[in-house]
Amino acid sequence: MNGNRLLTVNNLSVSYVMKKDAIKAVDNINFHIDKKEILALVGESGSGKSTTAKALMRLVNQPGRIDSGEIIFLDQDLLKLKEKDMSKVRGKEIGMIFQNPLDSLNPVYKVGAQVAEAITLDKIPRQEAFKKVIDIFNDIKISDAGVRVESYPHELSGGMRQRVMIGMMISRSPKLIIADEPTTALDVTIQAQILELMKNLRDEYETSILVITHDFGIVAEVADRVGVMYAGEIVEIGDVFTIFENPEHPYTGLLIKSLPRITKKEGRLQVIEGNVANLADLPEGCRFSDRCPFVMEICHKENPRMTERAPGHFCACHRKVK
Amino acid sequence: MNKSNLFKEFIRNKTFMLGFVIFLSIILLAAFADNIAPFSYDEMNVQNKLLSPNEKYRFGTDQYGRDILSRVIHGSRIALKVGLIVVAIETVIGVSLGLVAGYYGGKLERMVLFFTDLTWSLPPIIMALAIVTMLGPSLNNVIIAIAVVSWAQFTRVVRVKTQAIKSLPYIEAARAFGENDLNIMARYILPNVLSSIIVLSTLALPTAILSTTSLGFLGLGSQPPDPDWGLILKEGIAFINQAPWISIFPGLAIVYTVLGFNLLGEGLRDIMDPRLKA
Amino acid sequence: MNTFINIDNLKKYYFIDKGIIKKKSYSVKAVDGISLTINKGETFGLVGESGSGKSTIARLLLNFTKPTENSIYFEGINIFENDKQTMKNLRKKIGIVFQDPASSLNPRSTIYESLRRPLEINGVSSKETDELIKQTIGLVNFGEELLTRYPHQLSGGQQQRVSIARSIILNPEFLVLDEPTSALDVSVQSQILNLLLDIQKKKDITYLFISHNLSVVRYISDRIGVMYLGQLMEVGSVDKVYRNARHPYTVGLLTSEPIYHPKDRGREKLVLDGEPPSLMNPPIGCRLTTRCPYKKEICDEENPELRYIEQDHMVACHFADELDFSKYLD
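Chains as they are written, first to last, in my numbering: chain A, 48 to 369; chain B, 346 to 623; chain C, 334 to 663.
Misleading hints may appear alongside valid ones.
[Unchecked claim] Derived BS3-like pairs: lysine-lysine, alpha-carbon spacing no greater than 27 Å straight-line: (1) K357/C <-> K157/A; (2) K170/A <-> K129/A; (3) K452/B <-> K506/B; (4) K425/C <-> K534/C; (5) K344/C <-> K506/B; (6) K417/C <-> K511/B; (7) K425/C <-> K452/B; (8) K421/C <-> K536/C; (9) K421/C <-> K511/B.
[Stated by the list, open to error] The calculated label-pair distances, taken between Cβ atoms and stated as ranges, are: (10) L463/B <-> S358/C: 40 to 50 Å; (11) K127/A <-> E601/C: 42 to 52 Å; (12) Y347/C <-> N525/B: 22 to 32 Å.
Treat the hints as calculated values from the structure; they're not laboratory data.
Nothing here was measured: the structure is a model prediction, and the numbers come from that model.
Don't be surprised by glycine CBs; every beta carbon is placed ideally from N, CA and C.
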């Protein structure tokens, strides 16, 4: 086992069961995260990226269920742990940041107290915990830390709350943080600050981060490696520069190209035809076949498997780019 | 809301189905009272007075020899009619005020809230009593009295839902292409609060019936010889030792009907608008 | 002076009373002196973060709310001082598209119904209605077979197409688009943007495109205005503002924007520290003083006016002529 490896996911599948149908939100995905690395999982709605994040923390609720697979964190398969052991992993080893920090902050307690509460879980006495909170707040550049610890969540702005969330999550020095659309609800200038903060976490706290996002700009900004998801599968994964320079999967290429970076005088935007995949009604063979500009006969018959195109660069597509 | 799925949900809900069966039975009883009842409700036969239940008179007779079974059956018409009219009036008043208060806000809302809170906090039966005493005892006055004290529940729910809906983009879009306020309330907001209104109305039915029979029991509603269940019950109290069946059977009818409508309403609520469970 | 749309020193304050025992009145200065003109046929992009006031401008343009001071003129007519008939005619000429496609349509009406209603109110005959609806959905690439569906049965992209169809069905001259693509998936976003351009060509509609997304605004606009805390910081043609941005806030926005390629990671960023102050208590001088790395004393005292620094390019900054942002802008 690679000494640098933090997390390995093998053949993970997650379904949502409604009455008689089961919809596979995540279908047999494989990926890994190393220490001190930021992996971005990028995709649109229905891609399965959020479900993947929840599955890693075993927070998939009814009607969802994890069908199969292994989630090997350091040396343990998280899926084989008893719930009480898993709850020790959450927060301490793996932390999670959500899109809307209000979801995770208790409105009736001051934020300082909430973060301190998390710290005391590691048997650190309250006085010390409070001091640590102020240190953390300063580290992650929460201005006027001494005042902020006495604030209630609703008294803080969105960006500030997100920082508090991050502070709470790193207070126990987890090895991995899962950030599910952490900046979607924030303004651009605040987003830039949070992304910078995430890079610092990786460098100074040596925390790995799994970023779930729909925004390729965020991927370009912070990711070391990126996995592209479509309709419950990972269609391409590799290091960020390779993916941007030589995307092999048509979906990846089109997504990157459809970001507006020109003015209308320079032409029309690149478009991906059709609608985002409907998990209840997927095409035969490759799931992207009904929208792919390079579709071939075999694409309608067989769902392509992941193959290694270059060291560390995997892609699931029948088309082989030279 | 897929129509066939909705239908299946209704059938599956036991509460609803039981309530529906009872509801149906009352309607059939009321509709075909003339055919089902063995006698007319005011047919007096003094030789047969105060007979206990037997083959000819299944529920026994009262002090005038009238068949209790027939009177109870015919009474279902009154109960149903009264219940439906009361609820109809309550709904119209309550929903209109709720829409207007929620949509316009400001002074209008404050006024409506004032009356809503007033009506809500005073005990309805006492209020209704006061009104009927002022207007004089008759079934119509009882109907008015009960309706007037019971609309507040509609207003409260509709007002809050209206406030939530009125700031949604599709309402603003409608204003943008020229819809006036009345149309917005009627065509856009009302249909979207309809499911809650249906549930509330159905749940208000048993209360309405109970309230009117209570007032009837006090002699303030229907007047003799109408086969109003509350009235029959009242008349039977004087003979409670010799002929308890005179009061028992209309009492059972009331319980049966009110229970049935409650089940119907609760079943509907569970399916259509579980958030009303407060 | 008959420009198409003229906004003249517009102000919109919301008044809030706080406190139970001792009531204190606060005013939220959502729009605090906005002046701009929109020319017929162009797309004006309005950019800003939350609290900038851009959505308030949209609501004022549609007359959903009245201004506190001054006015907006549409083809010379003051849109707030009108009798019912004039207002009704005006409403036919201005349309709106909202951000959230799902809540933009009446959940209880079929798509056909939603499109029919605006025509019915404005006196279009039923024969013409049917044709007009089919024509309009053709323009937005919406299938005829979907007309009998309800909104929840459609995807986000399809819902937004319907929303757009509804907004153009009365042949408006002006369309306000308030974050029309922000709630859509990326792949659908570009479809809708292309669609908007096609429609604009075919129907000759003037657009006000409001967004927080700089690259989308750059793509679709002819001229843009950058708003912050209820005021305009910079206005001008798209080329001039993006290539030669002269306001620290604009530059801060541009450099904070996520990049297109990881190789740009090392770029110079103009960092705007901290967060925007409260709209109830904005700085007295320039709005950016609490965050601007270039601020000097005069900035605290005097709120700079918008002035020309070149043709078709205005900036509200005391030091617009002196500051050099070339290291930030490519």
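Outcome of the hint check:
1. K357/C <-> K157/A: holds (26 Å)
2. K170/A <-> K129/A: Since the Cα atoms of K170/A and K129/A sit roughly 22 Å apart, the hinted pair holds (cutoff 27 Å).
3. K452/B <-> K506/B: Holds, at about 19 Å.
4. K425/C <-> K534/C: Judged against 27 Å, a Cα distance of about 19 Å means the pair holds.
5. K344/C <-> K506/B: violated (32 Å)
6. K417/C <-> K511/B: holds (22 Å)
7. K425/C <-> K452/B: violated (31 Å)
8. K421/C <-> K536/C: holds (21 Å)
9. K421/C <-> K511/B: Distance ~20 Å between K421/C and K511/B Cα, so the pair holds.
10. L463/B <-> S358/C: 40 to 50 Å: violated (31 Å)
11. K127/A <-> E601/C: 42 to 52 Å: holds (49 Å)
12. Y347/C <-> N525/B: 22 to 32 Å: Given about 25 Å between the Cβ atoms, the range holds.
Comparing the model with each numbered hint stated earlier shows that hints 5, 7, 10 do not hold.
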